[in-house]
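Asks: Chain by chain, the residues:
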Amino acid sequence: EPEVTQTPSHQVTQMGQEVILRCVPISNHLYFYWYRQILGQKVEFLVSFYNNEISEKSEIFDDQFSVERPDGSNFTLKIRSTKLEDSAMYFCASSGIQGALENTGELFFGEGSRLTVL
Amino acid sequence: QKEVEQDPGPLSVPEGAIVSLNCTYSNSAFQYFMWYRQYSRKGPELLMYTYSSGNKEDGRFTAQVDKSSKYISLFIRDSQPSDSATYLCAMSKGGSYIPTFGRGTSLIVHP
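Here the protein sequences line up with chains A and B, keeping their order. Position one of the first sequence corresponds to residue 2 (this note's numbering), numbered consecutively onward. Position one of the second sequence corresponds to residue 895 (this note's numbering), numbered consecutively onward.
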């Protein structure tokens, strides 16, 4: 069964360092997302990406964050200068099968990348 | 009022019990309703998806949507210890398709 894969599974970094989290979405999906989940809290939307550009973003997704789909398969989330409060599990998701009538929002999630900022 | 409200639990039941999990929401624009299951330190896994009001059944799981009351439910019949997880409701609007998640309800099924 196709799945979303994420790397690394866990990254520890110092405050102020840049971090790149990588995702390979399901191959025939068109919409890509990043969510985060701070320990014990709800899953929060960060950004969605469609047709090689950001389609929506939340208030959390400020100038420190960027996303990219550099090669048609990988989908990356970059945090330019990490803060302590960026410590969380970051989930990549994809949806929207090519050729479907509409994107209903059935997201398929990866296992997550745990980011620890010290 | 939060857009999606979900009691975090924990909800502890004996094996074989019928489990009822619920969410309420405030935004009448939501049209697509989903339930995800999340095991500890794993990504959410899509369990059920429904569009608009009505029921949908899949094995031991039944999802219900009552748009008039802005209330959705997930029922689990013959619950098993392997059902122990956090259950997240999520919903999205037509045109946006960005699911908004509830906090999740922690379910513990003990043998």
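In short, the hints are calculated from the structure, not lab data. Since the structure is predicted, the reported quantities are computational estimates derived from the model, not experimental observations. Glycine included, each C-beta is placed from N, C-alpha and C at the ideal position. Any given hint could turn out to be false.
Taking CB as the label site, the calculated pair distances span [as the list claims (entries may be wrong)]: (1) B:PRO975 <-> A:ARG81: 40 to 48 angstroms; (2) B:ILE912 <-> A:ARG23: 37 to 45 angstroms; (3) B:SER934 <-> A:PRO3: 21 to 29 angstroms; (4) B:PRO1005 <-> A:VAL13: 22 to 30 angstroms.
Asks: Taking the hints in turn, state whether each one holds.
Replies: Results for each hint:
no. : hint                                      : in the structure
1   : B:PRO975 <-> A:ARG81: 40 to 48 angstroms  : 44 angstroms, holds
2   : B:ILE912 <-> A:ARG23: 37 to 45 angstroms  : 42 angstroms, holds
3   : B:SER934 <-> A:PRO3: 21 to 29 angstroms   : 24 angstroms, holds
4   : B:PRO1005 <-> A:VAL13: 22 to 30 angstroms : 37 angstroms, violated
Going through the hint list in order, the structure does not satisfy hint 4, though it satisfies all others.
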